[in-house]
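J.: These are the residues of each chain, in order.
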Amino acid sequence: MSLYDAYIGLLSLILLTCLASLSMQRLRPLIKTVALQGIAVTMTTLLYQQNVHFLLPFIMIIVKGVLIPMLLLYTLKKVSIKSEGKPIVGFHASVLLGILFLFMVIHYSHDKLSKLLADQSFSFSVAVVTIACGLFLMMARRKALTQVVGYLIMDNGIYLMGALFLKNIPFVLEFAILLDLLVAVMVMGIILHKINETFNSIDTTSLATLKDRWHE
Amino acid sequence: MKHLFFALIMIAFAPLLMSLIARVKAIFAGKVGLPWFFYYHTLLKLLQKTPVISMHTTAIFTTAPLINLAVMLFLFAFLPLANYRPLLSFYGDIFVVIAFLALARIFSLLAAFDTASSFSAMGAARDVFYSMLAEIVLFTIFIIFFRLTNDLSLATFAIEGKIELFARSTFFPLLLVAVSFFMLLLQENARVPIDDPNTHLELTMIDEVKILDYSGPYLAFMQLSLFLKLLFYSCFLANLLFSQSLVTQLCTIALSLDSNSYPLLYAFFKNLIFIALVSAIYIAIAVIESSMARLALKKIPKYSLSALVLAVLAAILMWRNV
Amino acid sequence: MMFMPFVFATLPLLEVLLFAFGSLFLLSALLFDLGLSRHSRFKQILIKRRIITLYSIGNRLNLLSLACLLVTILICFFALPVGVTAGIAFDHFSLFFIFIVVVTSLVSHPSVRMPLDLGRATLLNAFFSALLTLLLLLVLAANSVLLALILWEMATFCGLLLLAIHYQKKSLRKALLAYAIVAEMGTLFLVVALGMIYIYSNAAPLTPISFSRLATLPATIKEVVLLLLFFGFAAKSDLFPFHLWAVRSYPAIMPRTATLFSSATAKVAFALTLRFYFSMEITQSSYVGVIIFVLAILSIVLGSLYTISQKNLHRMLAYSTVENMGILYLGFALFIFASSLGHQLLMVFAILATFFFVLHHALSKALALQIAGTLAETLKRPLRIDELGGIAKIFPWMSRLMLIAFLSLMGAPFFSGFIAEALLLMVAFKSMLLGAPYILLAIIAIFALVVANLASIASFTKAYTAIFQGVQKTVYRSSSIKEKLYWRRFTLYGLLLLLGIFAMGIFPWPIILELQKIVIALYPQSRIMLSNLNMEIAVPMMLFSLSLTLFFLLFLLLKVSLWWLLRDKTIRRDAITWDCGMHFTSEARPLQYTGTSYLMSMITFFRPLLFSKSISPRIVEIFPDKKSFYRLQIADFLKQPRLQNLSYLLIRPLKIFHEIPRQGHIQWSIFSLVLALIVTIICFVRS
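Chains as they are written, first to last, in the numbering used here: chain A, 13 to 228; chain B, 2 to 323; chain C, 106 to 792.
Since the hints were made in silico from the structure, they are not lab data.
Don't take every hint at face value.
Ranges between beta-carbon positions, derived for each pair [stated by the list, open to error]:
id, chain 1, residue 1, chain 2, residue 2, range
1, A, L15, B, K32, 42 to 50 angstroms
2, B, L176, C, E482, 56 to 64 angstroms
3, C, I304, A, F177, 34 to 42 angstroms
4, C, S792, A, Q132, 20 to 28 angstroms
5, C, R791, A, I71, 37 to 45 angstroms
6, C, I549, A, I93, 35 to 43 angstroms
7, B, V53, C, L618, 46 to 54 angstroms
8, C, P487, A, F211, 46 to 54 angstroms
9, A, I71, B, W320, 31 to 39 angstroms
10, C, R791, A, K89, 48 to 56 angstroms
11, C, K664, B, K46, 20 to 28 angstroms
BS3-like mimics (lysine-lysine), calculated; alpha carbons at most 30 angstroms apart, straight line [what the hints assert, rightly or not]:
id, chain 1, residue 1, chain 2, residue 2
12, B, K303, A, K90
13, B, K50, C, K498
14, B, K3, C, K664
15, B, K303, A, K94
16, C, K664, B, K46
17, C, K674, B, K46
18, B, K163, C, K535
19, C, K275, C, K148
20, B, K303, A, K98
21, C, K664, B, K50
22, A, K206, A, K89
23, B, K26, B, K299
Here are a few chain A residues that face chain B, going by a calculated C-beta distance under 10 angstroms [stated by the list, open to error]:
id, residue
24, I20
25, S24
26, H104
27, I118
Glycine is no exception: its CB is placed at the ideal position from the N, C-alpha and C atoms.
Given these sequences and hints, build the entire structure.
T.: Next up, the structure:
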């Protein structure tokens, strides 16, 4: 079992978590899945980098695998609904669309982009699919927490793609991304709490019923 | 000839393997369990009884058990066992196998409606949908095998050594294919997590309920065909896991046997390893049955989709550089 | 030996003339009937007698000529040396399709007994069906492009008149409108193609151009002409966007017309497409193949989905025809892909598999439609699946024949359907070896074929179980229904169909060898490739027939052992299935599964692709209304009222960008962002 095998194994794990997140209805397993994905992405980029500081990946694993999921689970505890009721695009259809998109991306990246990517077309495809999966979750689900999870998945994908093209990501850049992510999730958690207070649910479609206030 | 002999032995073992499942489940439950030859006694007893047939039925009701059993016995002529070349093997015989399985399923669906009982029809309604999902996964696996071997015959899949589980480059994808096929096996044979073969409650049955109205020899034939169907799928999976090179290594290293010097003993140990593999699959089925509950019916499409995703992932991993 | 083509050409011609003569008798009967009201009561009776005599003479002449034609065609087919054209384009290709048309019209011919009374509708139907058959036969034998297209247009118009016979039924009027639009649209395409042929081959207008001159057209023009011709013929061929008229009309027309439309006209349209394609000798790759592929896949997928969700047996058979024509064109598209890469073996395999499927579908669908039509006429009610039941007890032979037809359409072994679908699947699997862009298309083709097979299993088991098995769900109107199966008409020609279905299923190899003559007739360079193909698939086919004997022996063995086990036992056959004490004989609805609930989980799974409307029972005070039930209506994709309103089609896209949707602001804004991103990426990649 060489390092290359572990690398391919991690990439397929990321792919599996993407497709699994598209089909999940309950929110707790979804958060745990994205935690797993975060850890897998960090370990993949660990295998990419030339100079390995173990400090930064360690911090990233703590943040992505423990802190952010804890924040989200805490928010989930406060919120009334624990699963996605009736999404805009159904669960089976999402998975099938995901598989179709996966095929198209692999075909395209192998055919047309082979000069650009050399032998890294598979990791490129996985990164693109992760980004697309995150965006899809944001577009096709109603609950706000799923949209936060989609944002996290998209961020994982962007990080993966960045690690693919830049062999040495500067320390400051990584740290900045991480901080950005943490703050974003905290803010989203607070907003979720407020939405739940007002509506007693976290269905984003009910935001449309808010009325403008002209005077006062 | 060797294949025919071995196939008959396997067919005779089928009820014994079913009681293996029952005994392993009993271990988990802390009980002694069924006697080893329980299912043989059951079949013999059923064969001696007089059947009762509803007046609403047509000839389909009495023909379906015969067709099911004939199909299951017939399919063993196509299945390679322990690297023996099967009796009938030609280009395109996987389509014959799938078509005969479909014929058996069509007749059991038609027979379920024949008695005008809504109970069996409920099982048929569930079965027609879930088997549709399972077929799609099966064809994905066949596409993978075709691209590996460029041939459409069950014998080539198992024997020629092109689908080798323990080869370096294809280990992980073929492992995924094996897991996907195992999920398919559980779905097609109505084991947990799809259906619990031991309960006879209305909410939970899919396969058992289609044969609810059968009695006497008809029921014996249907039950035997269900046993043989599970054996067929398990032997297919065992073929995938069975590796000629592994067997040779095991025999030479562990027992210092050689295929040239002791051919009969070598063949005996090869067959023994195959039977051990099949029993391992049955034990795995029993372990899953003891540790999981049945899935809610509306989650079964997701189960099939997971099997499909695993097969697709295997295909991608195998040909990501193509 | 020079004598032979002469004989081969004139004998069928004589029989066709006899057929035309018989049609003249039918025409005169019709004309007499039209002028009936002018005479006095007494004279009307005499004239009616005359009409009946003319009608039966015409029918008998037609039947005789068709039977003779069948025998002559078979002799010609086997005796004609391969690759030789005799007389007016009588090569193996046209002989094959003429055979299909003749068998279809033989099977759907009405009884030759002297009827006691004849309605106007029967006379109209008789004459126009005969005319349609005649025109189809002549179209297949035509040698020049102009003649073929003129005769095809006349056949289309004849079909229109056939549909218009039952104009009093409202559903048929809608079908008529759809047919008129679609058929005339097809004619438009054909006329434009014809014009282009004439211009680019520098021929004087209205002079006959033989098919072989089509090869001299410039290459790009060939592709455009082929595309136009394909759309023109696909309009009559039940492919996806053009299928609506067939689906609407099948429940309302007589069984004979439905059989003629499905088995004869659609196949002749396909034949003409093939003939034009092969005359043009297109050598390079073209986009026409991809267009045919896309339409074929759409037909298959949507046809399967709608077959599952139909409640009327005729409509289900119509959608099944859509699905099977999609499979035909898929085989043709795979052939085009193989030919664009020059892969000779796959080319001949694909076209051979397509011809086998044509024969299979023509025979099986004719049998199914005929029996369905006879059932509808006997029961005198539309065949709504959820309202029938228990027909197997009343009409045992009809249900057995229907079971055979359904098993063949489902692809069960021992019947022709299995070999036809297995051959096409083999072709699709082999197409995966074609190389980069075709692998994905081949995988899509494999999944489409598999889904079509599974959907047909689901829908035909639903139809058979709900109509023929179980206990009656409604009381049939006449209390003493006898099985009027028109034995004299049906047995002889129905046996022909059964023979065909079983022969193709059990001994496919001789039939495949004969079909190879057609391929050589179309494409003379394929002889070597065919012998290569024979080496590859001869042994599998023969081993398959051998394995069928093994299965049959096993089955016999089990039957004998069952007999031995039950030899001294008396089996109780009068037990009543447990029905919760409600007794099936009472007026209360028996507790059986309806066809709709049988496939409910499947329909729910595919809901997004089906336009369904579920109607729940109304609530009156606190209880549901006794008269309203839960209904699930699945409408065809093209039947959306919004799609039919052209202005709605144009304005709707604009409205989307103008209003923000009422729910889901966040998702909508993300979607627009992603769309902008994708457009930017595409522009970036292109530049």
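J.: Check each numbered hint against the structure and report the violated ones by number, ascending.
T.: 3 and 19
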